[in-house]
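Novice: Construct the complete structure from the given sequences, taking the supplied hints into account.
Those protein sequence lines, which keep their order, are chains D and F. The numbering of the first sequence is the UniProt record's numbering, which starts it at 1 and goes up by one. The numbering of the second sequence is the UniProt record's numbering, which starts it at 1 and goes up by one.
Check each hint, because a few of them may be wrong.
[As the list claims (entries may be wrong)] Here's a subset of chain F near chain D, in silico, CB distances under 10 angstroms, partners left out:
| # | residue |
| --- | --- |
| 1 | 68 |
| 2 | 71 |
| 3 | 96 |
| 4 | 126 |
| 5 | 157 |
| 6 | 224 |
| 7 | 227 |
| 8 | 311 |
| 9 | 380 |
To be clear, the hints were calculated from the coordinates, so they are not data collected in a lab. Ideal Cβ positions, reconstructed from N, Cα and C, are used throughout, including at glycine.
These are the residues of each chain, in order.
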Amino acid sequence: MSKATDISKINEHSPYYDMTPGNQIYGGGGSRKFCTGEWRTKTPVIDWEKCTQCLLCTPVCPDSCIPVKDGKREDFDLDHCKGCGICERVCSFGAITMKEGI
Amino acid sequence: MAIRERMSGNEAVAHAIKQINPDVMAAFPITPSTEIPQMVSTFIANGDIDTEFIPVESEHSSMSATMGACAAGARAITATSSCGLAYMWEVLYVAASDRLPIVMAVVNRALTGPININCDHSDSMGARDAGWIQIYAENNQEAYDNYIQAFRIAEHPDVKLPFMACQDGFITSHAVENISLIETEKVKEFVGSYEPENFLLNADMPMAVGPYANSPFYMETKMNQRIAMKNAKKVILEVAEEFEKISGRKYGLFEEYRMDDAEYVIVIMGSAAGTTKEAVDELREQGIKAGMIKVRVFRPFPGAELAAALENAKGIAIMDRAESFSGCGGPLGSELKAALYDAKNESTTVNYFYGLAGRDYTVETACGIYQDLIDYVSGKQEAEQFKYIGLRK
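Specialist: Right, here's the structure in full:
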């Protein structure tokens with residue numbers, strides 16, 4: 001069994017011999033280090049005054065970018081949010097707005 | 001003691017599968033390879049082996065299911081022909097780049113169209129750049145022997161590449177020949193069990209297979225595939241050496257037949273090599289220095305090794321059983337001519353097409369090709385490239 005892959009060491013400067021066969025990545029949770037947020041063209045912004053903490057937005061986020069702590073949602077994880085806008089659509093209180101840009 | 005039997009090429013491969021008892025087979029029937037999954041299904045139904053058979057609705061699915069099983073940690077196999085192989089196309093490349101040591105029996109058949117079910121190499125030759133190892137059999141014995149060696153080569157830690165074990169549709173797959181089988185215990189011991197270091201079902205070490213690799217990573221990935229393919233050449237020879245110890249049968253990257261002082265040489269693949277050997281014997285009786293090379297391993301391509309073996313030939317006919325429509329040669333012709341060029345070989349070399357979609361290739365055909373070479377070398381005739389052998393005019 002291989003050791004967990006240190007993906008911070010596989011980057012645009014890695015020579016081919018430092019890459020795993022088939023680019024396999026060993027060990028879970030590696031995607032956290034892959035910032036898909038840079039794909040975004042629109043960014044969700046929350047208005048905390050309108051937010052009722054109903055938590056409808058959290059489960060619909062396809063990228064799990066709305067963290068919940070002690071029963072309350074926190075601000076967006078913009079390192080991974082791709083800006084799809086589903087949270088804005090599902091929010092019944094107009095608390096989420098998609099702004100142009102990242 | 002080896003077991004003397006008589007069976008078809010498909011039976012021989014199915015028998016090898018029965019002896020190896022792989023974990024998973026996913027397959028979809030297509031002529032002329034249908035018998036292989038059919039026979040394996042019978043072995044499973046009879047309780048002879050405990051392979052998990054996945055009946056799928058297409059070859060795209062059979063290759064995908066085989067890939068999934070292999071990534072999960074199973075020794076996974078499939079079989080196909082012609083359009084079935086074509087339908088796997090997309091997934092073939094993924095299996096290779098994901099470095100999954102799948103073993104696939106390919107029973108060579110012409111690609112449609114026009115629709116035709118007979119033998120040529122257009123199916124697997126089309127897939128020659130997919131990153132799979134390709135080994136071609138001349139007869140049923142070789143189909144059996146190559147299949148048994150395939151797993152050791154594909155699964156070797158320095159290789160980890162998928163493997164096509166090819167044989168000629170109908171000519172080999174359906175014709176019954178004498179065969180020498182190896183005892184099942186010896187086969188099992190030779191092939192060994194598949195113990196991948198990493199696999200998806202390993203709960204202790206989760207893993208990602210086939211992650212996205214954009215431009216900063218793609219070329220590095222290809223280089224690693226290329227190195228694995230280069231390593232395969234060495235491993236193929238090592239495995240062949242070990243195989244000789246249990247079978248008494250010798251295998252290399254290619255077979256040289258009466259090549260010691262040969263001046264006129266046919267380079268060919270698959271079942272037509274047997275016919276060519278007969279022609280060589282006849283011509284040798286007449287004092288003509290004819291010889292033959294049968295290319296067994298096409299991927300990795302043994303270019304430098306072939307060029308060295310052809311060093312003293314005066315005339316060479318490279319025979320392709322697949323058209324590539326480049327207008328300047330078939331797959332074997334193009335690659336071997338490039339290797340001969342690099343080796344500064346100055347012999348007269350022609351590249352012919354023969355046997356497309358089951359067109360007969362006889363001893364007389366082969367003798368005619370040797371006569372061409374004699375005429376070209378002596379200057380009696382100017383060499384004609386890319387002839388279709390047996391074409392009606």
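Novice: Hint by hint, note whether the structure agrees.
Specialist: Consistency of the hints with the structure:
1. 68: 14 angstroms, violated
2. 71: It holds, given that the least Cβ distance between residue 71 of chain F and chain D is near 9 angstroms, below 10 angstroms.
3. 96: 9 angstroms, holds
4. 126: 23 angstroms, violated
5. 157: 9 angstroms, holds
6. 224: 6 angstroms, holds
7. 227: 8 angstroms, holds
8. 311: 34 angstroms, violated
9. 380: Hint on residue 380 of chain F: violated, closest Cβ of chain D at ~52 angstroms, above 10 angstroms.
Of the numbered hints stated above, those contradicted by the structure are hints 1, 4, 8, 9, listed in ascending order.
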